[in-house]
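Enquirer: So you can see what is in the structure, the chains are spelled out below.
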Amino acid sequence: MAKHNAETQAELYTSAQKALIEAAIFITDKPQTLDYLQQHFSLSRKQLKAIIKALQQDYQHRGIELVEVASGFRFQARAQFSHDLAVLFEEKAPKYSRALLETLALVAYKQPITRGEIEDIRGVAVSSHIMKTLLERDWLKILGHKEVPGRPALYGTTKAFLDYFNLSSLEQLPELKTLNMEQKFSLAMENVTDN
Amino acid sequence: MAKHNAETQAELYTSAQKALIEAAIFITDKPQTLDYLQQHFSLSRKQLKAIIKALQQDYQHRGIELVEVASGFRFQARAQFSHDLAVLFEEKAPKYSRALLETLALVAYKQPITRGEIEDIRGVAVSSHIMKTLLERDWLKILGHKEVPGRPALYGTTKAFLDYFNLSSLEQLPELKTLNMEQKFSLAMENVTDN
Amino acid sequence: MTTDTNNTMNKKMQGEMQQQALPFAFIHGEGIVEKPQDLFIPPDALEVILENFEGPLDLLLYLIRKQKLDIIDLPIAQITQQYMNYIELMTDLKLALAAEYLVMAAILAEIKSRLLLPKLKTEDDEEDPRAELVRRLQEYEVIKQAAQTLDQIPRLERDLHTVNVLFADNFTQTTTPPEVDLSDLVNALKGLLKRCEAFEHHHIQGEVLSTRERMTKVLEQLTAASQAKQPFVEFSCLFDFKEGKAGVVVTFLAILELVKESLIECIQSEVLGQIQLTLSTQGDY
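Residue numbers (my numbering), protein chains in the order written: chain A, 1 to 195; chain B, 1 to 195; chain C, 1 to 285.
Chain A with its partners taken away, still in its complex shape (with noise of 0.2 Å):
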């Protein structure tokens, strides 16, 4: 580590209160938000803030990494080592079909959103073992619902996707290929009779 790290660290933190946040985030099976940690070891934000950098720069060059997502901050094997370290674990993760990643995506990137309305963009009906599926595994809620005949339920995603899928917020998902609706329909009139 470089010298003046060293230094501004030592106007901050003890290394024993870096050892127990790191320990604490290391425990814990799920990711830590500086609330949490601030709330249980008398530190304050700013300690925090320095510790968890000082942390990450420490695995930077390890075979795990400490990372932030939505939920807070966790510990996690680095992605460069998955196909290797498959090898260890007997089940194979699940595989999502289409149907329903097309769903998620639309939940993900048009919340809040109804059923009627993931159905309309993709032309069928979706089926309710989908919908479980996904709020079973607590990657969809229930925002509220929608005024319209039905009150049909308004869904959105939740920090547990996020983690998932190892984003922070909403705003890190892949940008959408915009749809140019500007784009003048050159429409130009075929000939239909041909056919």
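Do not rely on the hints blindly, as some may be mistaken.
[Stated by the list, open to error] Pulled a few chain A residues facing chain C out of the computed Cβ check, cut under 7 Å: (1) R74; (2) Q76; (3) A77; (4) Y109; (5) P174; (6) L176; (7) K177.
Don't read these hints as lab results, they were simulated from the structure.
Keep in mind the model is a prediction, meaning the values are calculated, not measured.
Where is the CB? At the ideal position from N, CA and C, for every residue including glycine.
Chains B and C: place on chain A using the hints.
Expert: Chains B and C alone, transformed into the frame defined by chain A:
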């Protein structure tokens, strides 16, 4: 890392191999044996041992450590942090029973008071568990012993009790008069002293 | 379109395959019954492919992309023709055909027929009949791609693994004590005093009466014994154990009261011996 260490390392394994083994031990939920690691990653016993040793050194001054337990190697939080980390895993105790609250109220208003006197007013025995809970929470303390046969303990409330309820003194307890309980209370107490 | 039309079409497709009949009469007179000719995939493999379509929009997109056509210049006649071929094939293969596919067939046929009609108005703002379908296809394609991208993002279980670090052996779980409000304490006291009141009330009335009553009963027993020339009654004979603890206490209190009032006497002739009770004889003993 010491220089001579880096030199021996160079002969035995690459930093990528070390990072992979590190990640492998981190992500599995059970301790990893050398056999198991050897079987899944193309490394020799000698290489693995050298990697483990290097990792143990890397984590020597961190919040977690790589230890060998009966079934293999695993990372665990340092024992010195167990106490501090416990705050993250605290369980909420169930709500206090009516019996406990009544006992506490009696001590608060009528201290010093013996357990026998509490039992006389309440009409039922006070379980040892209740007294233990209140003493452990540091809300009650033994003030002395009543000079009657058996020398029963005289209980009173503590400063911690006052602090918890945000009172500066016992006089700040809600007045019985304003609660219309004065008469009933003295009646109940008379009965006790009569016995 | 309903499953009824689906069945009708199914039947017709099977029965009149070779006839130049009217199986598609219900879609604006468009009768396409010839085998698909411009399919790029052998029919055997088709079944697998078809099952992978996520609905009519997906199928249309596939047809458009397959021929490197632009959605914007949607050649409706060509696409309709191909779409119908696929629908027919799906029916032939007895794939469960979702109603949405038939709805789309109707939409395509309608657009086609509108395009066929001579343009009566030449106003510029008249919308192309294909516009709505093109918009839907574009919208769907965006989502289809978004879903594919989403599937490629590194995710837990498949690409990312969180760490498992345990506590050292000396870890012990702690519990947070419950919270208590001062009002909880006051309420507990109120409840207690209310109960006390009820209890005391009952206690005083019941106890006094029953002790008096018992005193009379004990005296009666002793008098009866005395009249039967048995001046002494054994202490234990006065108790009825069926009455339980309370009864024993009341009887004992009654005896004490009687002794105190010098109405009876207790005699114990030897240490640890039986206690005998007798009516007081005012020193006449």
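Enquirer: Does the interface hint hold: is R74/A within less than 7 Å of chain C, judged Cβ to Cβ?
Expert: holds (6 Å)
Enquirer: Let's test the interface hint: is any C-beta of chain C closer than 7 Å to that of Q76/A?
Expert: It holds, given that the least Cβ distance between Q76/A and chain C is near 5 Å, below 7 Å.
Enquirer: Under the criterion of a CB-CB separation shorter than 7 Å, is A77/A in contact with chain C as hinted?
Expert: holds (5 Å)
Enquirer: Are L176/A and chain C close enough, Cβ to Cβ, to be under 7 Å, as the hint says?
Expert: holds (6 Å)
Enquirer: Under 7 Å, Cβ to Cβ, is where Y109/A needs to be relative to chain C, so tell me if that hint holds or is violated.
Expert: Holds: closest Cβ of chain C sits about 6 Å from Y109/A, inside 7 Å.
Enquirer: Under the criterion of a CB-CB separation shorter than 7 Å, is P174/A in contact with chain C as hinted?
Expert: Holds - the Cβ of P174/A comes within 7 Å of chain C, reaching about 5 Å at its closest.
Enquirer: Does the interface hint hold: is K177/A within less than 7 Å of chain C, judged Cβ to Cβ?
Expert: The hint holds - K177/A has a Cβ within 7 Å of chain C, the shortest such distance being about 6 Å.
Checked against the numbered hints given earlier, the structure satisfies every one of them.
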